[in-house]
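Protein chains in written order, with UniProt numbering: chain A, 1 to 342; chain B, 1 to 342; chain C, 1 to 342; chain D, 1 to 342.
Heads up, some of the hints might be wrong.
One copy or any two copies: either way a pair holds, since identical chains are not told apart in the list.
[As the list claims (entries may be wrong)] DSBU-like cross-link-like pairs, simulated, lysine-lysine; straight-line CA separation at most 30 Å:
(1) Lys41 with Lys286
(2) Lys209 with Lys338
(3) Lys3 with Lys41
(4) Lys41 with Lys116
(5) Lys338 with Lys116
(6) Lys294 with Lys45
(7) Lys41 with Lys255
(8) Lys338 with Lys45
(9) Lys270 with Lys286
(10) Lys255 with Lys334
(11) Lys255 with Lys116
(12) Lys325 with Lys286
(13) Lys286 with Lys276
(14) Lys209 with Lys275
(15) Lys286 with Lys121
(16) Lys41 with Lys209
(17) Lys116 with Lys3
(18) Lys121 with Lys3
(19) Lys41 with Lys283
Hints are computed from structural coordinates only; laboratory data are not their basis. Predicted model only: the values in this text are computed from it and were never measured.
4 protein chains.
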Amino acid sequence: MMKHVNAGIIGLGRAGQMHLRNLMTIPEINIIQVADVFIDKISGKLNDLGVTNQTTDYHELLSNPDIDTVFVFTSTDTHEQIVTDAANAGKNIFCEKPLSMSHDEEASLDVLRAVKKNNVKLQIGFNRRMDPQFRTIFENVREGKIGTPQMVKITSRDPDLLPHDLIQRIGGLLQDFTMHDFDMARYMMGSDISEVYAKGGTLIDPTLKDIDDVDTLALVLQFENGAFGVIDNSRRAVYGYDQRVEVFGSEGMLKAENVNNSTVELYNDKREELKKPLPMFQKRYKEAYTEEMKAFVDSILNDTPLVAQGSDVIMAQRVANAAKKSLDTGLPQKVNTKFSLD
Amino acid sequence: MMKHVNAGIIGLGRAGQMHLRNLMTIPEINIIQVADVFIDKISGKLNDLGVTNQTTDYHELLSNPDIDTVFVFTSTDTHEQIVTDAANAGKNIFCEKPLSMSHDEEASLDVLRAVKKNNVKLQIGFNRRMDPQFRTIFENVREGKIGTPQMVKITSRDPDLLPHDLIQRIGGLLQDFTMHDFDMARYMMGSDISEVYAKGGTLIDPTLKDIDDVDTLALVLQFENGAFGVIDNSRRAVYGYDQRVEVFGSEGMLKAENVNNSTVELYNDKREELKKPLPMFQKRYKEAYTEEMKAFVDSILNDTPLVAQGSDVIMAQRVANAAKKSLDTGLPQKVNTKFSLD
Amino acid sequence: MMKHVNAGIIGLGRAGQMHLRNLMTIPEINIIQVADVFIDKISGKLNDLGVTNQTTDYHELLSNPDIDTVFVFTSTDTHEQIVTDAANAGKNIFCEKPLSMSHDEEASLDVLRAVKKNNVKLQIGFNRRMDPQFRTIFENVREGKIGTPQMVKITSRDPDLLPHDLIQRIGGLLQDFTMHDFDMARYMMGSDISEVYAKGGTLIDPTLKDIDDVDTLALVLQFENGAFGVIDNSRRAVYGYDQRVEVFGSEGMLKAENVNNSTVELYNDKREELKKPLPMFQKRYKEAYTEEMKAFVDSILNDTPLVAQGSDVIMAQRVANAAKKSLDTGLPQKVNTKFSLD
Amino acid sequence: MMKHVNAGIIGLGRAGQMHLRNLMTIPEINIIQVADVFIDKISGKLNDLGVTNQTTDYHELLSNPDIDTVFVFTSTDTHEQIVTDAANAGKNIFCEKPLSMSHDEEASLDVLRAVKKNNVKLQIGFNRRMDPQFRTIFENVREGKIGTPQMVKITSRDPDLLPHDLIQRIGGLLQDFTMHDFDMARYMMGSDISEVYAKGGTLIDPTLKDIDDVDTLALVLQFENGAFGVIDNSRRAVYGYDQRVEVFGSEGMLKAENVNNSTVELYNDKREELKKPLPMFQKRYKEAYTEEMKAFVDSILNDTPLVAQGSDVIMAQRVANAAKKSLDTGLPQKVNTKFSLD
């Protein structure tokens, strides 16, 4: 008899609905109940999908004894409260980063303390770790196929600018976007980032200066184990979502190019190219989103390690904060790599 | 409100279960009931998936007025009877090729007459037509990107030999395997095959001669519109499932290479290659299996054209029969391209 | 002290001049004298290159005792006479195929008998054998990397139509163009072609029928060792010179795609493609032309095997003749694989 | 009548001999005389190549009135003297970088003043600018295919460590190796580097610290026009010579991957990879070495612009010096971009 995770889902906005569809394809997950403050607007759509147990109040869901695990897809400003409540209700938790709106990490550490006290599992949504391409690199690095890692190289470019008000809500380029690259860099190298230098500017949208943000970044990383890293970012790559990772080591190199929408080649006199990088994160990381959920289910049912833990989000945030300071001061910045909840 | 197809599924062996999981990911499909003569063996697994309305008797399913569409995944020898019964019960039908065990096409034509008389839709499982790569070629050919098609080139190699008794049940290389290539060739060129020459032998398993089969084939096709084709087949490609299509025309060329399991490149002193062609048809054509079902649903709900019709299976079978005769006689063979149910 | 080949060059038309420049880059070759009936027209150009010993009369060159090796780049209709004369003068000979204008092979065999009698080396200009890509396939096949070869697949398409009068002088598609593919097929498989089936037509230029030629061909080959082959040809690929070879065997597959003019990728919103197959045989086979000469020099100086011998041109011609008969009769044709000069 | 460059070559060590062979393939170059202090050791080899006018004294060559252009391939410590003498003798000059051993640029500026005063042409051997791949990027950037350049990304890794004494003679990683990348970055972006940050260490050979060098580098560049750059370097890539360039801009991206030794793909059960990056600079930049010479010839004969001028070597050196200071201090460093010989 198959073991199951009995799940509640909190937050069914656009992201939540994407995750819901992915969760429904995993046989080990029973979706017991869903909660959203605006549940009425999407009730019909949910019924069509067979998800009929709906509520506006996430507390109702947390008090449901049939539910052992909750997936939190609400907006960032609610994470701190909901994750703490879920931990205190004894549920395992999946939550997108970050855990708190506050750049000061104490608020996030408090959330992690609640998780620890209640002895529940918390997985952070660093989905790129489970992207099949990057995961293949990760595994081959761990198997020693390239010897000792010496350099990680990440190119990460978004297809287009975000609205200024959204940036002000979710954080600037370093704290919303590059943060994923900092996590990827740590993950690949198996070592913490101990120093960061960031240089950037507004080459695309000069008005970003008004909200203290940039659209173009070049960074150098120093890892605790002696290795190095380079990252380059842009807010707007006209050709799509550009996501590439390379790890170089003493015995070789592993690299993942962009995933294209097609393998078909057209040769005509114009030599038009049909292959294009996938345009949006939803498509590019579709498998990653499902794989991170499968890994979380596996961790719950079989006690395998979590893909990304609470400490990972703290560490990535510290680097983002240090990089922001580097950008502001023009000087490289040290990063604290010690982590403790005590 | 979303329109739905209310489906019954007949046949839940290995193939049927794969299709069932795919069908469950399509929101427009409600699975009302499933039937299999050995339903007891898989009842628990089906319950786990939430498919609880089960029967051993497909007649019960066909008489269920809530069902408008049936998916037939039973063994080939039952197709003739079940598709005829389903047509007479007024259900739309999806069925894998062929429609009959008989190489004489009269039995298949009788099935198609029942479909026509009852005015139901019948889609044949030529799934490769909906493979995203091949579909991209098809669409670009239709859009005139390579001008007038002059040559189609298909390489199709299976990963390994089949057991002799299975071959005897489902047909030899030409009639089970190459038949898909004949259909692909017709589909790409938009023209019927009017002549075929086949040359082959037993380079892998000489005992295949005992059951009148070959493991290696080289073919030349002549199309009614004047174009040409070449096909090469093998029963055993040690590197995986090799499925490539190329169309050449007056203004250019389109080609689809194999789909690999990874885009990651490993450079070390051994220069080991991580990219491998997908090993099995289930994985290689996973998207194609889902896409053909989506297209069928779309045809039912919105009356769009079927991906592959009854006449398509008759045509592919005629070429397979002619190719077998060519192999036996050493001479090219004409193929009848006239089709009528009268 | 470096050993040298002391060379005379006969024929300095466009092809001859291309070869001359290649020969000048090989340090082991001293160019002693050149001959061309129209030497006056190009005398200045030759002087600029430092090639000052010029004559209109190739007999003068053949009687020059300082010359041990001649390179024959004259038009096909002169090969029979000049190669025979050169053999009788005791010179080693490099000559483009074919050895005679006559489709009847007796004339060519007479040339080979002269070569044998005088015990000189004769290398035939099957330059593609020394193309670095195809040579890599050849060597890996010989090293057993793909086990026993079972299928060779050749796509060979020219960039554009030839003038009708040129075709009438040098032979039709099968005898001028496909002949190179027949030689490549034999070379790769290490076995003679024992049967051929050719199907073709005039899809590009219907007036080719007037001179008994075709512009599009699809062929099946049977090899003496049991293996098979497929070839497809076209007179006009709008995207350039299309030259691809693939060998499939019991333990794997080797394939060479086209050589592009660039590795640079351009990603913009039009996704324009910069990589294009090399457009002309002179550029595509530039290295092959030099490598075949180096191999010939090596064979002369160190008695290594010739890249392509007289018997190779006879064999390729036999297949071309049989293929022409197949095209005319619509039936496969056997090919005589016995070779003897007695 | 073809116009010619009448050339003298000074320095025929390993590099000089490679260049000599390249120069001999360019018809517009007449090699009048060669000079090397150890000419006796290679005299036989030169005679074999037909280069018989040899001397040990480069002054003799400079006073030869038949020579209009000299190619300087001697060791770096002689550049300052020889280039100055050649300029004062009124010869056009090709010379490898740098112009002087001194890190202080005054010595180099004195050389350039002699060149200017005598009104001769001086081309610097920044051969990579004429690599066909990088040149294709350059030209497409100039044609506006990617809009305004915003980021340049260079990966440059050598196949293996150099001996410590050689490093001490030619300079450390930044000043010998990365200097080429600084020049490439300037060339691609069409703007000077105004600030540099360098981070590095000894991950391969810790004893490099003894000679004040590193083996691994990560750098961030700021350009005068506002754009950015990232560079990563390693002394030892076990898989060969890794040379990649990418330019990203407002309307797209151009990138050049490594050039492989083959396009052949081998698919067997081990999935062994035959394609390897070219292993050595001599092979990787073979075409670049010839193309830079052709461009120099073209500049002399037709007064087209030089590929790389004296000011280019000064600018690259300044960035290298600033990067070294950044490495030593841990702080980013400004670079002076003003250039004047007055």
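- Message: Run through the hints listed earlier and report the numbers of any the structure violates, in increasing order.
- Response: Failing hints, ascending: 4, 7, 8, 11, 12, 14 and 16.
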